[in-house]
Amino acid sequence: MDISRRQLAGIILASTAVAQAPPKPQPESDIETARLQQRAAAQIIARVPLPMTTEPAFQFKA
Amino acid sequence: MATIAPDIFFASISELNAKLRAKEFSCHELTQAFCDRIERIGPRYNALALSLRKQALSKAKDVDRELKRDRTRGPLQGIPYGVKDLLAVKKLPTTWGAKPYAAQVFDYDAHVVERLNAVGAILIAKLSMVELAGGGDYRTAAASLTGPGLNPWDRTRWSGGSSSGPGAAVAAGLVTFAIGSETSGSILTPAAFCGVTGLRPTYGLVSRSGAMALSWTLDKLGPMCRSAEDCALVLHEIAGVDTQDSGSAGRSFNYRPQDTMRRLAEITIGYMPVDFQDGAEPAAQPALKAAFDVIKSLGVTVKEIQIPEFPYGALVSTIIAGEAGSIFEDLIRSGKVDELADPHQIAGLKAMLDLPATEYLRAMRVRSLVKAAFHDLFLNCDMVLAPARLGPAPKAAEPLDAPGPPTRSRGGLIPGGNLAGLPAISLPCGFAEGLPVAISLLGRPFYENQLIAIGNLFQKQTDWHRRRPPVEA
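Going down the list, the protein sequences come from chains A and B.
Here my numbering is used: the first residue of the first sequence is 20, the next is one more, and so on.
Here my numbering is used: the first residue of the second sequence is 10, the next is one more, and so on.
Just chain A, with the same shape it has in the complex:
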């Protein structure tokens, strides 16, 4: 190992301490903005002519 167990434990404890400090809640308006951007992207994509027979660009194989 490149770092000691003590050093690794220190990293984990530091992250736990940081995690225990509650992060600021995300304003709902920011999330709504992101949703609207997603919606806008979908509307742009919906304008592309798409033959019904076009399959998604991935394949399942048994």
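Among the hints, erroneous ones may be present.
[Unchecked claim] Per label pair, the in silico range of CB-to-CB distance: (1) A:52 with B:49: 40 to 50 Å; (2) A:74 with B:31: 54 to 64 Å; (3) B:259 with A:74: 16 to 26 Å; (4) A:55 with B:406: 25 to 35 Å.
[What the hints assert, rightly or not] The following residues of chain B were derived to be distant from chain A, with all beta-carbon distances above 12 Å: (5) 16; (6) 37; (7) 42; (8) 254; (9) 266; (10) 298.
Derived from the structure by calculation, the hints contain no laboratory data.
Glycine residues also receive a C-beta, built at the ideal position from the N, C-alpha and C atoms.
Take the given structure of chain A and dock chain B to it, following the hints.
For chain B alone, coordinates are given in the frame of chain A:
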């Protein structure tokens, strides 16, 4: 103890390997010098996520024993390199650049790390990255556990992302090469902004096993080096079949510099005239025009083309939203997503859970049309030349979506090429306001040898790839 001259930090893979085999210095001495350098200078650019000095020096001693017995493993033997911190290295933190994963440890090496270990390359560092490879639509360079990636050419500028650390570390001579990743632009962008050569391979050519997934159908790993030839040498070792990667293309890559090229006049390179006239940012236009003239002077046939028209940005963002939203669902629902650094990234990831399946599937169906359109494009040309980015690196302290100088180029090759799974190479081609500018070549699937061959020829005619940023000792 041999003195490692400053030029060594900027030497090519072949040059370094030859010096090791000639015993100008030992692998241990070389590794120690690179470790000293990256630990001292890496933090200036927030490029270093974790130094791997102890294990690197141990590996270097093994290589020295092999070289003493003339047991050679190829050109990467003894060469110091770094990996973007989304690649697992056994029993050491792999943070994905993100606070929620700061203490994450895997008990295995990523497949590419295993391959590079097997040929004697020396992993000296985990390199910084944008948190979670930026899939939630980050807006600031500070979207990283290690702080904003800073550009070795000007530390007020961004190094690019999401492979920020690899771009800066190669440019500043902190590693000889690095492994980055690209979902949509994350190798080509930092390569362009930092003035290094980056190669994004065909989807599936390099195993993703052991790498953080952002988007299963878009993620690729690739080399970031100081030259096209170095990219070829690294790709030769990291490419190949891996049954652990469901996206593995089942093909390998053999670098064949001698027999790759047909007569140059038979090679057709397509381009959009606006890209090399006044389409890019004004400061970048002279370098791009000059690079176009160099490409023409190689003897290839150049031809005006039109890139297929699709809403590439919307397609990429929707596909990433569907796949990353699933990959990081637990992170988002647990609330730990709020620990990320960039508020837009947090909001973007949360919104992903509301994406209807029909929207993702429609994007994937249109993607089939994109693939077909690029296939048809490559019936009329062998590769496409374009600016890698339309201007130099933006300021690190400003929002990344702040309006810049006006451009007329449509862009689209980065998202379009990624959607179609195509390979591309970014080649430094000059400077704009003291910052690197680059061109890119996009090829058809598994056309890496041909892209590298043109890159080699371009780099024989120019020396942009040999320029060094003002890194103090």
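Using Cβ atoms and 12 Å as the threshold, tell me whether residue 16 of chain B really stays out of contact range of chain A. Label holds. Min Cβ-Cβ 28 Å, cutoff 12 Å.
For residue 55 of chain A and residue 406 of chain B, compare the CB-CB distance with the range 25 to 35 Å and indicate the outcome. Given a distance of about 27 Å, which is inside 25 to 35 Å, the answer is holds.
Just checking, residue 298 of chain B versus chain A, shortest CB gap more than 12 Å? Residue 298 of chain B clear of chain A: closest Cβ-Cβ about 32 Å, beyond 12 Å.
Hint check for residue 74 of chain A and residue 259 of chain B - Cβ pair distance inside 16 to 26 Å: Since residue 259 of chain B and residue 74 of chain A have Cβ atoms about 21 Å apart, the given range 16 to 26 Å holds.
C-beta pair residue 74 of chain A, residue 31 of chain B: status relative to the range 54 to 64 Å that was hinted: Roughly 56 Å apart at Cβ, these two residues keep to the hinted range, so it holds.
Grab the minimum beta-carbon distance between residue 266 of chain B and chain A and tell me whether it stays above 12 Å. 33 Å, holds
Just checking, residue 42 of chain B versus chain A, shortest CB gap more than 12 Å? Non-interface label stands for residue 42 of chain B: nearest chain A Cβ at 18 Å, farther than 12 Å.
Least C-beta distance between residue 254 of chain B and chain A, which was stated to exceed 12 Å: 14 Å, holds
Falls inside 40 to 50 Å, the C-beta gap from residue 52 of chain A to residue 49 of chain B? Given a distance of about 42 Å, which is inside 40 to 50 Å, the answer is holds.
Quick check for students: does the CB of residue 37 of chain B sit more than 12 Å from each CB in chain A? Answer for residue 37 of chain B: holds, closest chain A Cβ roughly 16 Å.
This entry satisfies every hint, going by the numbered hints stated previously.
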